[in-house]
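Undergrad: Read off the chains here:
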Amino acid sequence: MGGDQVSAIVEFDSVGLRYGTGAEVLKDLDLRLPRGGFTYLTGPSGAGKTSLLKLLYLAQRPTRGRMRIFGEELSGAPRDIMPAYRRRIGVVFQDFRLVRHLSAFDNVALPLRLAGRDEAEVVGPVRELLAWVGLADRAGAKPPTLSGGEQQRVAIARAVIGHPELLVADEPTGNVDADMAARLLHLFESLNRLGTTILVATHDLSLIAATRGAQLMRLEGGRLVDPTGALRNPPLRVGEG
Amino acid sequence: MMFSSLAPPAGERGLLPDQRGRPTPWVIAIMMFVTLVVAAAGLAVANAARLLGESVAGRYSIQIPDGARVAPAAIAAAGRVPGVSAVSPVPEADVRATLQSWLGADAASAQLPLPALIDVDLGPGADPARLAAEVTRAVPHARVLAYGEQLGPVTRSLRALQWLALGLVLLMAAATAATVVLATRGAFDTHRSTIEIMHGIGATDEQLARLFQRRLARDAFVGGAAGAAAAALVLALVRTVPGSLLDDITGGPVLRPLDWFLLALLPLLGTLVAMLVARATVLKALRATL
Ligand SMILES: Nc1ncnc2c1ncn2[C@@H]1O[C@H](COP(=O)(O)OP(=O)(O)OP(=O)(O)O)[C@@H](O)[C@H]1O
Ligand SMILES: [Mg+2]
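Top to bottom, those sequences are chains A and B.
First residue of the first sequence: 0, per numbering that gives the first Met the number 0; consecutive thereafter.
First residue of the second sequence: 0, per numbering that gives the first Met the number 0; consecutive thereafter.
In isolation and in its complexed conformation, chain A is listed as follows (with noise of 0.2 Å):
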């Protein structure tokens, strides 16, 4: 790992995606996520961006292509390493996955559980960030019973716990009012300025806008287009710009 590369914490070299036999859904993505940065990604409907993310919280391979993440090669990595890849990256997926059995503490729980914590560790931290994201009094709630927002947060709960030196968000604003979203971007901040590196795909302008030296990306047809040069340039601290 040469100087350069220490500082990052994703990198792609001409990654290529395509499911099954279909057409490629992604193209040719070269792009370096700085180590403690914070990106947006962007781009129509059906251009990619659940893809990319899906590549980066390790659910896919590339087809084509090579993926260092955490400074790993990943893309050909042996499939029995991914678990403890997959523990440092917390995500939140466009459809939530919230396991419906369980309630919304346990499922904020379950990160912390699976990576073997002790109870007691668990019991404060859920309870705080439920509080934060306003579901104190929902805790003891199952997923089908949750409005979509409250699931959303449930989901973003989850996926900060642990503390991942990666948060990947699809759409995580998608369901919640303008405060919620305010408040949502505040947690992702508070998180980044602790050092987690944060890549947010949404459709949300007056998020991005919100959010100051946050860098953008834009993803159309597969192929990834620069509009703030976050793919070039150094990492910028949230604030600086």
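These are calculated hints, taken from the structure and not from any lab test.
There could be a bad hint or two in this list.
[Unchecked claim] Estimated spans, in silico, between C-beta atoms of each pair:
| # | chain 1 | residue 1 | chain 2 | residue 2 | range |
| --- | --- | --- | --- | --- | --- |
| 1 | A | 78 | B | 257 | 44 to 52 Å |
| 2 | B | 191 | A | 120 | 28 to 36 Å |
| 3 | B | 25 | A | 78 | 33 to 41 Å |
| 4 | B | 286 | A | 18 | 46 to 54 Å |
| 5 | B | 25 | A | 63 | 45 to 53 Å |
| 6 | A | 222 | B | 25 | 56 to 64 Å |
| 7 | B | 238 | A | 78 | 23 to 31 Å |
| 8 | A | 208 | B | 13 | 42 to 50 Å |
| 9 | A | 62 | B | 286 | 18 to 26 Å |
| 10 | A | 63 | B | 184 | 41 to 49 Å |
Remember, predicted model here, so these are calculated numbers, not experimental data.
Glycine residues also receive a C-beta, built at the ideal position from the N, C-alpha and C atoms.
Go by the hints and put chain B with the ligands onto chain A.
TA: Below, chain B with the ligands alone, put in the same frame as chain A:
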């Protein structure tokens, strides 16, 4: 690794839903019940055949059609054969009583020539051919018969029953295993989304296999135990019905401690199969993912 799953880490408890009224334990209970009853019957028949064989092993009968007169010569001849442990003539009254039951009261008349029957027990290592030779030299028209040969048809049909039972047990075991496989697939479909979500946020294959195999092992154990309890009850009830037992024929207990042990092993074996199948199902499904 695999058996650590029986004591789940605190955080892994309750990650799969508790669904009451699932059919799996019931189906397994029924299969296990039938398997155990058939297996017990098979073991009982096998034991009966063995005890019967043992009880007549080395037993011979000397039969002399016109009996009484020459019997002492035959008894003396049999007594001279090395390895003979007992020579006991069947009392004339017994022979007469037996004949009466066939021929009616006329058999009581002393006119009828009575056959002589002499039981001979050979010790281990004694030569039955030598016995026959000695006896027929003394009394040429005497016949020496092995009890075992006379009981041949009985023991043969007992053996046949025993193999039949073994075949049935194997069939039932295969059906039980198939049930476990189907139940596991069903349970996997039920829990697929949960397993996928956990996989997506960093659960290891081992963790997921453990969760799932624990669930299936529990179902199989509960079902197996219920089936075993029902089977034990039925077997205990059968024991109390007089005359229904092979005990009477064989003069020994129908099931030995070893047999009970083997029977108790079956539900545990079922649990183990369930666990292994569940584990293999999850691992196979996960290997198809990244
Ligand atoms: N599992 C899949 N199998 C086949 N094709 C897929 C699959 N997932 C996505 N696609 C296709 O890939 C392309 C990109 O989809 P993707 O979900 O990445 O878009 P997106 O930018 O996230 O859209 P949106 O803004 O609507 O969420 C689409 O044409 C879609 O139909
Ligand atoms: Mg999408």
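Undergrad: Now, for every hint given, state plainly whether the structure supports it.
TA: Results of checking the hints against the structure:
1. 78(A) x 257(B): 44 to 52 Å: holds (47 Å)
2. 191(B) x 120(A): 28 to 36 Å: With a Cβ separation near 30 Å, residue 191(B) and residue 120(A) satisfy 28 to 36 Å, so the hint holds.
3. 25(B) x 78(A): 33 to 41 Å: Since the Cβ atoms of residue 25(B) and residue 78(A) sit about 37 Å apart, the hinted range of 33 to 41 Å holds.
4. 286(B) x 18(A): 46 to 54 Å: violated (19 Å)
5. 25(B) x 63(A): 45 to 53 Å: holds (52 Å)
6. 222(A) x 25(B): 56 to 64 Å: Check passed, 57 Å falls within 56 to 64 Å.
7. 238(B) x 78(A): 23 to 31 Å: violated (56 Å)
8. 208(A) x 13(B): 42 to 50 Å: Taking Cβ atoms as reference, residue 208(A) and residue 13(B) lie about 43 Å apart, which means the hint holds.
9. 62(A) x 286(B): 18 to 26 Å: holds (19 Å)
10. 63(A) x 184(B): 41 to 49 Å: Given range 41 to 49 Å: violated, Cβ gap about 35 Å.
Going down the numbered hints, you'll see the structure goes against 4, 7 and 10, while the others check out.
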